[in-house]
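A.B. asks: Using the working numbering, you'd call the opening residue of the sequence shown number 13 and step up by one each time.
These are calculated hints, taken from the structure and not from any lab test. Hints are not guaranteed to be accurate.
Okay, derived cross-link-like pairs now, SDA-like style, lysine to any residue, Cα gap no bigger than 25 Å in a straight line [unchecked claim]:
(1) K246 <-> S34
(2) K246 <-> W162
(3) K14 <-> K246
(4) K211 <-> E67
(5) K211 <-> A82
(6) K246 <-> Q94
(7) K211 <-> V79
(8) K211 <-> T307
Using C-beta positions, here's what the derived DEER-type ranges look like [to be verified]:
(9) L354 <-> L184: 22 to 28 Å
(10) M355 <-> V33: 21 to 27 Å
(11) L195 <-> S274: 46 to 52 Å
(12) T99 <-> L168: 15 to 21 Å
(13) L16 <-> L354: 38 to 44 Å
(14) S274 <-> Q68: 43 to 49 Å
(15) I35 <-> A311: 42 to 48 Å
(16) V86 <-> V33: 45 to 51 Å
(17) G252 <-> L315: 22 to 28 Å
For clarity, every value in this text was computed on a predicted model and none was experimentally measured. For every residue, glycine included, the Cβ atom is placed at its ideal position computed from N, Cα and C.
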Amino acid sequence: MKRLPLSFALLAFFVYLALSVSIRQAVLFLVGIGMGAALAGARFGFTTGWRQLLEQRDPRGVTGQLVLLALASVLCLPLLSQYPELTAALGPPSVSLLIGAFVFGLTMQIADGCGSGTLYKAGLGIPLNMGILPLFAFGSFLGSVHVGDWLSLGQLEPIGLVAVFGGSQALLITLAGLLVAGLLVRAWVGPGRAWWDRKWLLGAVALAVLAALNLVIAGQPWGVVYGFGLWAAKIVNAAGFFDPTANAFWSQAGNAQRLTESVLMDITSITNIGILGGALWISAKATTAAQPLTTQQWAVGLLAGFLMGYSSRLAFGCNIGAMLSGISTGSVHGWIWVPLALMGTMIGIRVRRHYQF
13 MKRLPLSFAL
23 LAFFVYLALS
33 VSIRQAVLFL
43 VGIGMGAALA
53 GARFGFTTGW
63 RQLLEQRDPR
73 GVTGQLVLLA
83 LASVLCLPLL
93 SQYPELTAAL
103 GPPSVSLLIG
113 AFVFGLTMQI
123 ADGCGSGTLY
133 KAGLGIPLNM
143 GILPLFAFGS
153 FLGSVHVGDW
163 LSLGQLEPIG
173 LVAVFGGSQA
183 LLITLAGLLV
193 AGLLVRAWVG
203 PGRAWWDRKW
213 LLGAVALAVL
223 AALNLVIAGQ
233 PWGVVYGFGL
243 WAAKIVNAAG
253 FFDPTANAFW
263 SQAGNAQRLT
273 ESVLMDITSI
283 TNIGILGGAL
293 WISAKATTAA
303 QPLTTQQWAV
313 GLLAGFLMGY
323 SSRLAFGCNI
333 GAMLSGISTG
343 SVHGWIWVPL
353 ALMGTMIGIR
363 VRRHYQF
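All chains should be built: construct the whole structure from the sequences, respecting the hints.
C.D. replies: What follows is the structure, given as structure tokens:
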């Protein structure tokens, strides 16, 4: 698709949202387009960055992620401390989080994309990610149905650094943690390595600004997974296969309301749609060559996509909702998520290599 007609289509949808839904949703759609363009244009892959670090001792991708986390924290934590109406991406430390983060880290390497990666690569027209997207959504929905049972295995109350320490100390603690992470990466890769990639750094700056804008406009941090689960929940509910009133997650007032509203009213859904649009706009000029997959690779990749969606709900987010938004808004669960997902990634890379992805 050519960029000019695509630009007109995106503009028309923006106008429709502004006139028929709300100005806020229209602006969030633009924010989502920016996110998709930044992710696709910089090839800002959380999954790829982790794999390059572990397999090749190449730190450039993870350096970009650390810069993104630091900039987003500098922008978001003061906002949260000054404006109590804004909410952090809090998740409870729990058995659900531990298992979900580990499985997510494992499966994202096989599926070659996390939540945002699946979105923007689907927008780029990569066949495997296009196939994974609906399975991720159904897995996320099924995870939301079961998350109450997983939480019953053991959980603590969510811990927010801003609420406990205040904005300034929360920021210092977060930056200190990121510095320690950077030093650990330095110890792992050793000397004589290139640390910076211009595209990754530009992507980090753009995504940090857009994440802060999302927080200000939406009143909540950037997320991906909830939108996927909501799409599948609406389909299953409309087909009469699911009773939301009998489920602990979907019977909650906010979730029950979203099931009855247009999907265009949902904050996460509208930015997800924008991410697809932004990635599609980038792909109109980019050439994306996808490696042909065998039947076995397709089966393994699609199964990984489903499990990735399921585990993302158990872990209260993916690389965006749990890691980026969790850490940059002071949630302790984000710091727990990272090492568990990294351990899963170590196994996922081996599985990926076994099936020759």
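A.B. asks: Compare the structure with each hint and give your call.
C.D. replies: Results of checking the hints against the structure:
no.: 1; hint: K246 <-> S34; verdict: holds (21 Å)
no.: 2; hint: K246 <-> W162; verdict: holds (23 Å)
no.: 3; hint: K14 <-> K246; verdict: violated (32 Å)
no.: 4; hint: K211 <-> E67; verdict: holds (21 Å)
no.: 5; hint: K211 <-> A82; verdict: holds (17 Å)
no.: 6; hint: K246 <-> Q94; verdict: violated (36 Å)
no.: 7; hint: K211 <-> V79; verdict: holds (12 Å)
no.: 8; hint: K211 <-> T307; verdict: violated (34 Å)
no.: 9; hint: L354 <-> L184: 22 to 28 Å; verdict: holds (24 Å)
no.: 10; hint: M355 <-> V33: 21 to 27 Å; verdict: violated (42 Å)
no.: 11; hint: L195 <-> S274: 46 to 52 Å; verdict: holds (48 Å)
no.: 12; hint: T99 <-> L168: 15 to 21 Å; verdict: holds (19 Å)
no.: 13; hint: L16 <-> L354: 38 to 44 Å; verdict: holds (43 Å)
no.: 14; hint: S274 <-> Q68: 43 to 49 Å; verdict: holds (45 Å)
no.: 15; hint: I35 <-> A311: 42 to 48 Å; verdict: holds (45 Å)
no.: 16; hint: V86 <-> V33: 45 to 51 Å; verdict: violated (32 Å)
no.: 17; hint: G252 <-> L315: 22 to 28 Å; verdict: holds (27 Å)
The structure does not agree with the numbered hints 3, 6, 8, 10, 16 stated previously, though it agrees with the rest.
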